[in-house]
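J.: Sequence:
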Amino acid sequence: MSNLSLICYKCGGEMDEKSLSPTEYQWFCKKCSLFKNLRMPRPKIVERPFWGAQKAMERPDMIRYEENLFSIINRITIHHSRRMTSDPLWEIRQLQEVYLLKGYGDTPFHYFVDRDGAIYEGREIGFLGSHVKGGDFGNIGILVLGDYDAQGFPSGRNQWNSLIHLIAWQMVMFNLSPSALFPHSYFERTDCPGAHIRDRMKDIKKTVRELLKKR
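Just so you know, the working numbering puts 155 at position 155 of the sequence shown, and the rest follows in order with no gaps.
Treat each hint with caution, since some may be false.
Cut-off 30 Å, straight-line C-alpha distance, at most; resulting in silico cross-link-like pairs (DSS-like, lysine-lysine) [stated by the list, open to error]:
| hint | residue 1 | residue 2 |
| --- | --- | --- |
| 1 | K205 | K44 |
| 2 | K30 | K102 |
| 3 | K206 | K18 |
| 4 | K18 | K30 |
| 5 | K31 | K44 |
Computed Cβ-Cβ distance ranges for the label pairs, DEER-style [claimed, not checked]:
| hint | residue 1 | residue 2 | range |
| --- | --- | --- | --- |
| 6 | K133 | C32 | 18 to 26 Å |
| 7 | M84 | Q26 | 36 to 44 Å |
| 8 | R83 | N158 | 16 to 24 Å |
| 9 | K31 | G134 | 14 to 22 Å |
| 10 | F70 | S179 | 16 to 24 Å |
Bear in mind the hints are in silico, worked out from the structure with no lab data behind them. The beta carbon of each residue, even a glycine, is placed where N, CA and C say it ideally should be.
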């Protein structure tokens, strides 16, 4: 289970999560006691140290949001890695290395979802992503590992369930609706996130909407 935290927009302290009941959770600031209640459990997320992430570097693309993050985040974008590898840990480490060599301060994406449904922490959520040219502000980037022009989507039920849970959790946290979910190709002239994910976007939104109604 991840211990991901947010930075409190009020005092700069660390916000963490605690369970109030089996169906309700609360993000709270350890310093000033600011809190936000959620009725959606956080999915299991592999933290950066556990997949071998390199430390983020201070480079121009590493911009921390200075305002209320809960009011800044306004959309989520799905990407694919265009790779057909069998080792997700190697793949996300290699992706980070490629972007560091290109001059980025970190991986551009906030989360990764692999073929077996494991979710990995990418760039810290409190930082502007670098995954949509000209459209990164307030935009959470989710990279689905695989080439979804060449292979079907989802690769299995676990991958589907994890992606849906991750999207729904972020939407509850930041008060978004399924209409705020987009494929990368919506913003740029690209085939990303692959034809097979693009063809399922309506189904993804429908399933997320159904899950949100249950909370």
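J.: Against the structure shown, which of the earlier numbered hints fail to hold, in ascending order?
T.: 2, 6 and 9
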